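**Q** Between the sequences and the hints, there should be enough to build the whole structure, so can you do that?
Spelled out, the chains give:
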Amino acid sequence: MIIDDLVIVPNWITEGKIHALANDLNEDPDILLALSGKISKDIQKIIRKRPLIFAQLIRELKNMPDNAVLRIVREVRDGNW
Amino acid sequence: MIELKHDSLKFSFSEVHPEAQLTIGFKRTLRIPDDGKDYPLPPGLGRFPMKHVDDFSERVPALWIQHGGVMLPMYQSEALWLSFNSEFLWDHDTSYPFAIKVATGKTNAVTGKVWSDGLQKDPQDYMVSSRQPWLDGYCIEKGVIRQFVAMPLGSGYSAEEQITGNAEHGGIQVIVYPMKRKIFHKRFPKRKYVKDIRYPLRYHVQEDREMTQPCFDMGLTPGGRMRQEIYEDPFGIENWEVERKSRCFIHLANSLVWRAITSDPPPTVPFTSKEYTDYGLPWFDYYSDNSTALKGSEKLNGLKSVVEMGKEKGDNPVPENESVEISNVKKLRNSLEPYQVREGTF
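Chains as they are written, first to last, in this note's numbering: chain A, 53 to 133; chain B, 42 to 387.
Worth flagging that the hints you see were computed from the coordinates, not collected in a lab.
Hints should not be assumed to be uniformly reliable.
Computed list of lysine-lysine pairs in DSSO-like fashion (alpha-carbon distance at most 30 angstroms, straight line) [what the hints assert, rightly or not]: (1) A:Lys97 / B:Lys231; (2) B:Lys46 / A:Lys114; (3) A:Lys97 / B:Lys51; (4) B:Lys231 / A:Lys101; (5) A:Lys97 / B:Lys162; (6) A:Lys114 / B:Lys92; (7) B:Lys286 / A:Lys97; (8) B:Lys46 / A:Lys97; (9) B:Lys162 / B:Lys286; (10) A:Lys101 / B:Lys227; (11) B:Lys162 / A:Lys101.
All values derive from a computational prediction rather than experimental measurement.
**A** Here it is, written out as structure tokens:
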């Protein structure tokens, strides 16, 4: 992985440019957006719909390990039967 | 989408309706005596622990990985029931309705027919929540089921083996269809008031005992007779969103190999019916005033129960099968209609 916490993405770069950059670098745009202090528009839209719930949710998740966070959204896989 | 949450399967259909969420629990219970008598509902003894099969791909059969889904541990001759719960929507005065089809070893638990996706009207091969709060076994007669009891797959006991002659699938299969959004809003428009509604609730009792017995894959077989109605669809088959289904294969691992697979201890063995009854603890009867029960499947009624099959084989698969006399029965009922008066105990 090229990007880590030491890399600073300037915050004057627009979201569109960051998406293009992420595409070129084969990186996750959400990570680059976070490094430039931005949140993608679609996530902002989700939060604006229910700001209190999401603020509470994110604070609750702050110290949870990744595997616990992933369990929240993990789907049960249907196979061939 | 299906998630495994708190040892239950949570079915969500947010693309149909944000409130279209159903939780199916797999509960432990007493094995009722298989003595030809009809018993009331036994209590719930807590949830079975459940795991994703994909998390243990190196320790479970390859077929389980092919099937996907989840797994839970059961002892030989242990009983199981399924609970169907969806949140009550006060502003609509109902829970979001779902059509639910359940099979064991790909044998439909309501009709006895071989599994197929989709819903069938005649004979009805599915149940409707929240009208149907739970399922304890195979629908053999109007108002009577035979309890789901685990036996080793391949021993010839399971409903699947009795019907198809093969021990091929085992486990439990579930498919869920939500009601169409437009129909939901038409049938259950938003209301301005709320009312006190009581839900049927089966007591949960802690157990503490131990036992033994070997094997790996379990299948479900018909056990003792229980009074339980499987209700007719009050809405009609055209009300269900058949293009938006979610289905899951629930594998049944023998409790004695559960630790080897997961490193977790299996639950302890539940009480026997006699022990439970001797303590004076309650059994239950549930009825829904406004519902019609299905007549039951002749095919399922023709299956041999665990004890009958054991006699034929010269086995004693359920050693603790003493009949019990039950006097403490609590009545549960579906919600009251606005014009109904609640009867108390006096």
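**Q** All hints, please: hold or fail.
**A** Going through the hints against the structure:
Taken as a hint, the Lys97 of chain A and Lys231 of chain B pair is honoured in the structure, with Cα atoms around 27 angstroms apart against an allowance of 30 angstroms. Of the pairs offered as hints, the one joining Lys46 of chain B and Lys114 of chain A holds, with about 20 angstroms between alpha carbons and a cut-off of 30 angstroms not exceeded. Distance hint between Lys97 of chain A and Lys51 of chain B is fulfilled; the C-alpha atoms sit about 26 angstroms from each other, no more than 30 angstroms. Restraint check for Lys231 of chain B and Lys101 of chain A: satisfied, since their Cα atoms lie roughly 21 angstroms apart, inside the 30 angstroms limit.
For the given pair, Lys97 of chain A sits about 43 angstroms from Lys162 of chain B by alpha-carbon distance, which is inconsistent with the 30 angstroms threshold. For the given pair, Lys114 of chain A sits about 25 angstroms from Lys92 of chain B by alpha-carbon distance, which is consistent with the 30 angstroms threshold. Restraint check for Lys286 of chain B and Lys97 of chain A: satisfied, since their Cα atoms lie roughly 28 angstroms apart, inside the 30 angstroms limit. Annotation: proposed proximity of Lys46 of chain B to Lys97 of chain A holds, straight-line Cα distance about 27 angstroms (limit 30 angstroms).
The suggested pairing of Lys162 of chain B with Lys286 of chain B holds, with an alpha-carbon distance near 17 angstroms, which does not exceed 30 angstroms. Only pairs whose Cα atoms come within 30 angstroms are accepted, and Lys101 of chain A paired with Lys227 of chain B is accepted, the gap being roughly 26 angstroms. Of the supplied pair hints, the one linking Lys162 of chain B and Lys101 of chain A is violated, its CA atoms being roughly 41 angstroms apart against a limit of 30 angstroms.
In this structure, the hints that do not hold are numbers 5, 11, in rising order.
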